[in-house]
Every structure is written in C-alpha cells, then in structure tokens.
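Enquirer: Residues per chain are reported as follows:
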Amino acid sequence: MTAIDLVAARHRPRPRPRPALPRGDLRAVKIVWQRELMRAARDKPRLLTALLQPLLYLFVLGAGMATMTVGGGDALRTFMFPGVVLMAVLFTSFSSAGSLVWDREFGFMREMLVAPVSRGAILLGKALGGASAGTVQGAIVLAVGIAAGVPCRLASLPALLAEIYVAAFGVTALGLLLAVRIRAMPSFVGMVQLLLMPLYFLSGALFPLSGLPPWLAWATRLNPLTYAVDPLRRTLLGDTLQVAGIQWHGWTVPVLLEVALVAAFGGAALALAARRFDRDDS
Amino acid sequence: MQAAVQAHQLAKRYGAVEAVRGIDLDVAPGEAFGFLGPNGAGKSTTLAMLTTLTAPSAGSARVGGYDVVNERDAVRRHIGLVFQETTLDGYLSAEQNLRFHAELHGLSKVAVAGRMRSLMQTMGLWERRGALVRTYSGGMKRRLEIVRALLHAPRVLFLDEPTLGLDPQARAAIWAHLRTLREREQVTVFMTTHYLDEAECCDRIAIVDDGRIVVEGAPHALKTQIGHDRIRLSTVDDGVARSALKARFGLDAKPEDDGLVFAVQDGEHFVPRLCTGLGVPIRRVSVDRPTLDDVFLAHTGTTLRDAQASAHERARSAPMGRPR
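Same order as they appear, the protein sequences are chains W and C.
Residues in the first sequence are numbered consecutively from 3, following the working numbering.
Residues in the second sequence are numbered consecutively from -17, following the working numbering.
Next comes chain W alone, as it looks inside the complex (with noise of 0.2 Å):
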C-alpha cells in the first residue's frame, strides 16, 4: 500500500459499532447520572449542610415549637419529620441541578455539547443523577430521624424511599428548567431562594393544610410539593397519626396519584428545559 492508499483507507467512512442514536444516548445518560454521583459524594460540605439543616429543623425548631403546644409535642415533630426529609431532598436536587449552570460557567458544558449524544439525554442524565443524590440525603435522614425515634415499619422502607425518589426528581427537573436558562451561578442561588421558602411553606411540610383560609388552601393545592410531602407522611405515619391527607372537593387523592403526579410534573418540566437546552447556541 502506498502512503496516499493509506491515507486514503484512514478517510474511507469506517463501520462504527453503534449504529442506532438511542444506544449512544442510553450511555451518555450513564455517565453523565454517574459524574452527578460522583461529585455529590466529593462534595463533603455540601454533603453536611444537606443533613444539618433538616436536623436543625426537627431538633430545634421542631422541639422549640412543641413547647407551645400542650401535649403533643411528639407528635408535631413526628408530623413535621416528613417535611425535614423533603427539606434535605430539596437542598440537594437543587445543587445538583444547579451543576448545570457551573458546568457551563467552567467550560465543562462544551465537552458535552459537542458530543454526538441528544442534549435530552444530557439533562436525562443530570434529572436521574440529582435524583439520586437527592434520595441518598433523603434516606440519610429518614435513617436519622428512625434512629431518634421517628415510628416507622421495615415493611414501608421500600415504598417511601420510591417516593422521596420520585419526589427528588421533580425538585430535579425543577431545578434544571431553571438552570438551563441561567449563565451565572449567583443568580441562580438567588432564584432558588427565591423558590425555595414560598414552594416549601406551602407544601404542608410544616403544618397540616386543613383548615386554612381559602386563597391558601389553593395555592399549596397548585403547588406540586405538596404532593411529594403527603405520599411520605400517609406512608409514614399512616397507622400512627390522624393524617388527612389532600382533597379535592372533599376527595381523598390516593397516594398513587399523588406520586404519578408529581412525576408527571418532573417529566414536563424535563421536557421544557430540554427544548430550551436544544435551542441553545452553546
């Protein structure tokens, strides 16, 4: 062979091993959900403010509120304890969206843009990814709170750790529609501040929603957090604790589609920020 055959060999279109997209993408979506681990698991600080501050609100703000209840100061820190796990799910899935808008700050976003892989599959990857480290805080937790003393049967282990999974994906896509469109690290600290307390407070983390003045009980009924609180406290302290649960019109919804919903709202809002990450030059 000449050296202009070889060369020539060397440009001929070579067979690839992959020829179908969904392949590389379900690959793509792999790595990009093991990089979200894995930076979760480095990150130590991070790791420790996502388990001190649900501490901090079950034992300090949890015992300092039941003294002004007479009686059941137990009781309203094993009401609330389902919030704290959201507390740390949120915390986490936030930050885990937010490596977005750090990836694209420190130049890793390119790396990934200029793959062949769909961007859907990118922020698939990134959803699953800050699911994951959201349900791993969550669990650290739910483990802490048992240990205290938070009543909870084996036999519900698996179907609440389904929910706070559920439950960290929707703050996950949440988050990433939101990052998608941010440049800047600081702003996007601020927005979810600025999202975060009003999205919480009206969730019923804290305090039962029956009872309410009417406007309120409508916005915590919008508000799709509300739906990823209820599942966990049902399933928690459903044999324990009076727990009423949402109701539309004086309808019960069922745990299911309490947990459908909030999986539904995760889906929609990944397929938004998908299409926005699509249109997005660099």
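If you are wondering where the hints come from, they were derived from the structure by calculation, not from laboratory data.
Be a bit skeptical, because a hint or two may be false.
Claimed, not checked - Footprint (simulated), chain W over chain C, 3 or more residues, beta carbon under 8 Å:
no.	stretch
1	33 to 43
2	67 to 79
3	86 to 100
Claimed, not checked - To list a few chain C residues with every Cβ distance to chain W over 10 Å, as calculated:
no.	residue
4	Ala56
5	Lys205
6	Ala226
7	Gly249
As the list claims (entries may be wrong) - With a Cα cut of at most 20 Å, we get these calculated EDC-like pairs of lysine to aspartate or glutamate:
no.	chain 1	residue 1	chain 2	residue 2
8	W	Lys32	C	Glu77
9	C	Lys205	C	Asp149
10	C	Lys91	W	Asp280
No residue lacks a Cβ here, since even glycine has one placed at the ideal position from N, Cα and C.
Dock chain C against chain W, hints included.
Expert: This is chain C only, laid out in the frame that chain W set:
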C-alpha cells in the same frame, strides 16, 4: 481526494455585527492548517461553525466529508476539539475525564483503555492519571485536553489558540507533543492562533482580518512572496551612504535611529555587492528575512501586533465584548 475541511462563502452575523464575512477553505487530509489573525478577526467564530457549535448565517462547510449543518452528529464523531478555555472537570481525575468523553462518544471500553494509556504516555501524563485535574498545571491541562480530543481517533483535530496563556516552556512542550501525535495519528490539524511562531509550525496558513481571509499559503511561500529582505546598514556617514544607495543601486533607504533601512530582493547576495560598491566605509550590516508579521503588514496595512492592540482597545471600550 476528499478535503478534510471545506468551506464555501461561510458567514456568521450576530445582529448587526458581521463576525465572519464569507470564507472559503480547502484543507487537505493530514495537513496542519493555521488560521492567523488578531483577536476579533472571526477566527473563533469560524471554528465554532466548523465544529457545529454555532450555525452559519450563510454559506456551507463540510468537515471530514460531512455537512456541518445537516450531518451534525457525523461531524462531531469525526472531530476532536480543544477550546481556548479549559473544558475539563477539575473535580474529576484525569482518567475520569477521559472515561466520560469515551462514554459520550460511545467508544468500546476495551479499545479505550489501551488508547488512553498510549496517548497519556506520549503526553507525559500517565503517572498523574489518578490525580484530580484541578491539581494540574495549565500546560498539563492543555495536554490532557489534546489527549481527550484524540481519544476517539478523529479525522480533524481543531485547536483554538492551543498555547494561549502558557509559559514558553509549556508551549514548546505542547508543540513537540503535537508534532509527534500528528505523525502517529495521521490527523488533520486545524488551529487558530495569533502567535507568529505558532503559525510557523503549520504547513499552510490563512491570514484573517476583519472576518475575511486576506491571503493563504505555506508560511515560507507567503514570506517569499513579500519579495524582499530588509537590510539595516550603519556607515561612517549615513547621509552620503543614502545618496550612494540611490545613485548606484537605485534604492530608497529610510533613515532610522542607528542607520539606514531598505528592502532588496535577495539580501544575502546583495550584501557582497553593497560592501564593494557603496564607496562609504560600512560599520554594520544585517539582513532580516521577512516574517509572517511582514506578510500580515503587506496584506492588511497594519502589523499583527498593532491589530492585536487595537482589538484589546475595542474590547475595553465595549463592556460586553464580542458575542460568542
């Protein structure tokens, strides 16, 4: 043979700003092609279009035989990219960064392991493969990015200002490594630069200014085209020497600080004639071959250094800088 990079009237407009005003390119496989010009000349924008990162406003381009607009993924599979700014994840190890890339490009795990090792060894990074990238020096990061860009055996390696911000030693190392890898990988190299010495390392360069290619050719040929060497002459009486140059050789010399400067066709052969025929005792004489900066000057009317300085000036006066 099919061109590695081909562009026809490629243009990009950002609102009212015309960043690239119709560029034609034809880069042969295996060639090292340089895009030389000051900041803001449209180099990075052209690169972004060729690498599918931004869509052209007009014109067309093919890279590795594929259309950059209609066959985006195919182009992406066949190019390697090293950006001006680092695009590594500092919180992952070098190896993890490479594995991430391999997965995104759907490479076989077995093939990657061997390739990763040989490329990292060539680049002198193998021993530090487990270290977090944030502990790497600027030169090491750039070398790692080159390894990453070559991992999937691309046909064309695009480098955007590959040695920008590196110290001379690190730059020399990058160049030595690139030369080795280019030969071994038989890859086409397409790079942008505003460093003259970097452009000298290319087989062929295109000088770009204000969104257009002003001239294109091998660095040596471009310099030869300038057609003259510059002679600096210092004599016991420069005034007399100046009129003697005019009278005997028909040359117009310009007085400068410490002597006379003028241009001749072939400096090395002219010096002996000058020594015997000038009639004024000579103190010093030197011959400067034309540089790429002379080429730039001849085609744009300004030196690259001045163009670079006014680009900085523009960047300072426009607070938002150029849209990317």
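Enquirer: Check each numbered hint from earlier against the structure, then list the numbers of those it violates in ascending order.
Expert: The structure conflicts with hints 4, 9, 10, although it agrees with all the remaining ones.
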